[in-house]
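Go by the hints and put chain F onto chain C.
Spelled out from the first residue to the last, the chains are:
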Amino acid sequence: MALSDLLQFTIAGLKSGAIYALLALGFTIVFAATGAINFAQGEFFMLGGMIGVWLTRLGLPLPVAVLGAVALTAAIGAIFEVLAIRPIADGDPLRIIMVTIGGSVLLRQIALHVFGPDEVPLAAFSPGASIMVAGAAIERQTVWIWAITALAVGALFVLYRKTMFGRAMRATALRRDAARLVGVDTGMMVTVSFALAAGLGALAGLAVAPLTQTAFDVGAGIGVKGFAAAILGGLGNPVAAVGGGLVLGLLESMTAGYINPLYKDAVALVVLLGVLFVRPQGLFGGSGREKV
Amino acid sequence: MSLCRVRSRLVVVAFAAVLVVALTGCTGAKSTSGGSGGAETYKVGAILSLTGSYAALGSSEKNALELEVKRINDAGGVNGKQIELIIEDDGTDEAKAVAAASKLINQDNVIVILGATGTGQSMAARSEIDRAGIPEISMAGGTAITSNFDPLVFQTPWANTLVVPYVLQKVAADGHKNIAVISDSGGYGKDGKAVIVAAAPKSGLQIVSDQTFNPGDTDFSAQLTKVKSSGADAIVLWTAGKEGASIVRGVSDLGVKMPMYGGSGQARSEFAQGAGPAAEGFIFGTGKSLVPTNWGADSEEFKIVDGFSERYEAAYGQTPDIFAGHAFDALTILEDALKRSGGDTNAKALTSAVEGTRGLVGFGGAFTFSPTDHNGLTAEDLALYQVTAGTWTPVK
Numbered sequence: 001m002a003l004s005d006l007l008q009f010t011i012a013g014l015k016s017g018a019i020y021a022l023l024a025l026g027f028t029i030v031f032a033a034t035g036a037i038n039f040a041q042g043e044f045f046m047l048g049g050m051i052g053v054w055l056t057r058l059g060l061p062l063p064v065a066v067l068g069a070v071a072l073t074a075a076i077g078a079i080f081e082v083l084a085i086r087p088i089a090d091g092d093p094l095r096i097i098m099v100t101i102g103g104s105v106l107l108r109q110i111a112l113h114v115f116g117p118d119e120v121p122l123a124a125f126s127p128g129a130s131i132m133v134a135g136a137a138i139e140r141q142t143v144w145i146w147a148i149t150a151l152a153v154g155a156l157f158v159l160y161r162k163t164m165f166g167r168a169m170r171a172t173a174l175r176r177d178a179a180r181l182v183g184v185d186t187g188m189m190v191t192v193s194f195a196l197a198a199g200l201g202a203l204a205g206l207a208v209a210p211l212t213q214t215a216f217d218v219g220a221g222i223g224v225k226g227f228a229a230a231i232l233g234g235l236g237n238p239v240a241a242v243g244g245g246l247v248l249g250l251l252e253s254m255t256a257g258y259i260n261p262l263y264k265d266a267v268a269l270v271v272l273l274g275v276l277f278v279r280p281q282g283l284f285g286g287s288g289r290e291k292v
Numbered sequence: 001m002s003l004c005r006v007r008s009r010l011v012v013v014a015f016a017a018v019l020v021v022a023l024t025g026c027t028g029a030k031s032t033s034g035g036s037g038g039a040e041t042y043k044v045g046a047i048l049s050l051t052g053s054y055a056a057l058g059s060s061e062k063n064a065l066e067l068e069v070k071r072i073n074d075a076g077g078v079n080g081k082q083i084e085l086i087i088e089d090d091g092t093d094e095a096k097a098v099a100a101a102s103k104l105i106n107q108d109n110v111i112v113i114l115g116a117t118g119t120g121q122s123m124a125a126r127s128e129i130d131r132a133g134i135p136e137i138s139m140a141g142g143t144a145i146t147s148n149f150d151p152l153v154f155q156t157p158w159a160n161t162l163v164v165p166y167v168l169q170k171v172a173a174d175g176h177k178n179i180a181v182i183s184d185s186g187g188y189g190k191d192g193k194a195v196i197v198a199a200a201p202k203s204g205l206q207i208v209s210d211q212t213f214n215p216g217d218t219d220f221s222a223q224l225t226k227v228k229s230s231g232a233d234a235i236v237l238w239t240a241g242k243e244g245a246s247i248v249r250g251v252s253d254l255g256v257k258m259p260m261y262g263g264s265g266q267a268r269s270e271f272a273q274g275a276g277p278a279a280e281g282f283i284f285g286t287g288k289s290l291v292p293t294n295w296g297a298d299s300e301e302f303k304i305v306d307g308f309s310e311r312y313e314a315a316y317g318q319t320p321d322i323f324a325g326h327a328f329d330a331l332t333i334l335e336d337a338l339k340r341s342g343g344d345t346n347a348k349a350l351t352s353a354v355e356g357t358r359g360l361v362g363f364g365g366a367f368t369f370s371p372t373d374h375n376g377l378t379a380e381d382l383a384l385y386q387v388t389a390g391t392w393t394p395v396k
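Just so you know, the protein sequences line up as chains C and F, in that order. Residue numbers for the first sequence follow my numbering, beginning at 1 and rising by one. Residue numbers for the second sequence follow my numbering, beginning at 1 and rising by one.
Don't read these hints as lab results, they were simulated from the structure. Idealized CB from N, CA, C, for every residue including glycine.
Pair ranges (Cβ atoms, derived):
1. C:61 with F:314: 32 to 38 Å
2. C:129 with F:106: 53 to 59 Å
3. F:204 with C:151: 51 to 57 Å
4. F:204 with C:2: 26 to 32 Å
5. C:92 with F:314: 50 to 56 Å
6. C:116 with F:373: 34 to 40 Å
Next comes chain C alone, as it looks inside the complex (with noise of 0.2 Å):
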């Protein structure tokens, strides 16, 4: 095949890849808070897309409709922590995992009635004809998402690293007690982890939403591939967690060109359960020592 074919697969591969790099994102950010995988975090995806449309149908210009919706679906994941996750904030990982499960169900459920069952558009970021290179299409809205997946992450790793803010984060992370004994408010910032990655898979949803539509059903799919690249990247890891989702998406989309794109689902996860076999910490985590 032509060299043209292998870039227009590569291209596609990284757009998929930011998007579930996001989504590994949430996922990290939130175990690293509480050692639980929030399996909502697919749903925050869909109700980012979901507001957004929302908020451009009641008249709201696009970037103010795209702000509003990461902001009111962060809001949605910090009630969501208080009222389901702080009352067994210091429970077993496992438990928080079973809520998080039913509360996907539940928004989903939220999201069908009040937004009905039908798939809906969201206006193009920069509309436009697609960007040529050396015979292969990068369409504008795929620039876009690049561009917000680079910026959320560098604003992570700004926040993580040189703000007190981020360092208390990350001292709840690695030890909850001892945090606290310092006076860092525990509770405050796995609420404030369950905002973030609200945030991030919001913006993840409404970047890829002039693509691809988006629907009130669309959150328990992306949210499978979002945690299989968290897990393939190594878990607890931001940058970890965005190397698993480029290595993810290249892999859909390499098998999607060259084998078969009905095999691209299955394909993925075959090597999901093979790298975890040969390297359970994951790609590129490294011992495991350090969680953000």
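For chain F alone, coordinates are given in the frame of chain C:
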């Protein structure tokens, strides 16, 4: 954290992941409407996809059935008896369609099953239908439903065996020779592709690229890249899911400059609007009723379709899509058969009453069933449409 702890934590996580997959869609919806129950009513079961990838189709069907059952009941019912409608959600899942059929038959003792929404679900429910020996009137467009013949199973939409040759004729008439086919791996697309493969040579068309995708996929770069370099002059898209709009967008975004054709799956405003300017000029074939004036303003067809449209619009604030129309037809056929069977709900009597339907005008056209034809429509009931500015107009 030691490796051992990582491992045990991953076991927990993997367990939870399995649970999530199992729970996804375990969100059954149920509703009943109509009479008070007991033997004084006709119990009618409906299996609809109210969640999952056909949720939009199933919801339209639910709207139509509830609206028309209420209208019939308010007017005194059929043969003086009320219709009791029992709706089960199959979540666009074949296993759940079987469970729904079993529940409707064994617990609710329904006399007939309307549905399912999808081809795969309609076929899956057949095992239960055959066991119970009651008739099924499906609202799915797959050819297999009636070509894979079952004496108990009827179908209301224009089957792929009707629509595909009709659309391919248009493709050939527009001067195209080599086509690329893009279809989903689910029931409707798979079914349609088989008909396309069989019918293409008769229209003088050659399939130079055959691409498939899974329902739920969001990126189609791989398939479209191959279509682009295949040397095809036109694309035939056969799918009923929401992926259609993303594919048409992808065609435009990847710079694939080929005219596109489709079928009933594109007769939805969500498709025309979701794909935006990329869908401009997209041609699809489906029933004449999509634009009721196709029938002529004085025709009986127009009055029936328009009357249903008006009631639907008054109740739900939107025009009915074709899926609402197929559900309306299923109920109309049942009502007509019940009247002619004199209220005999015995499965055999009811089935032969449905087979005795002659020229019954519904949304899909004029239905004439027989013991060997359970689809009942002809190419006379079809028309071609072109997408323009987020909606469609009949092709002259």
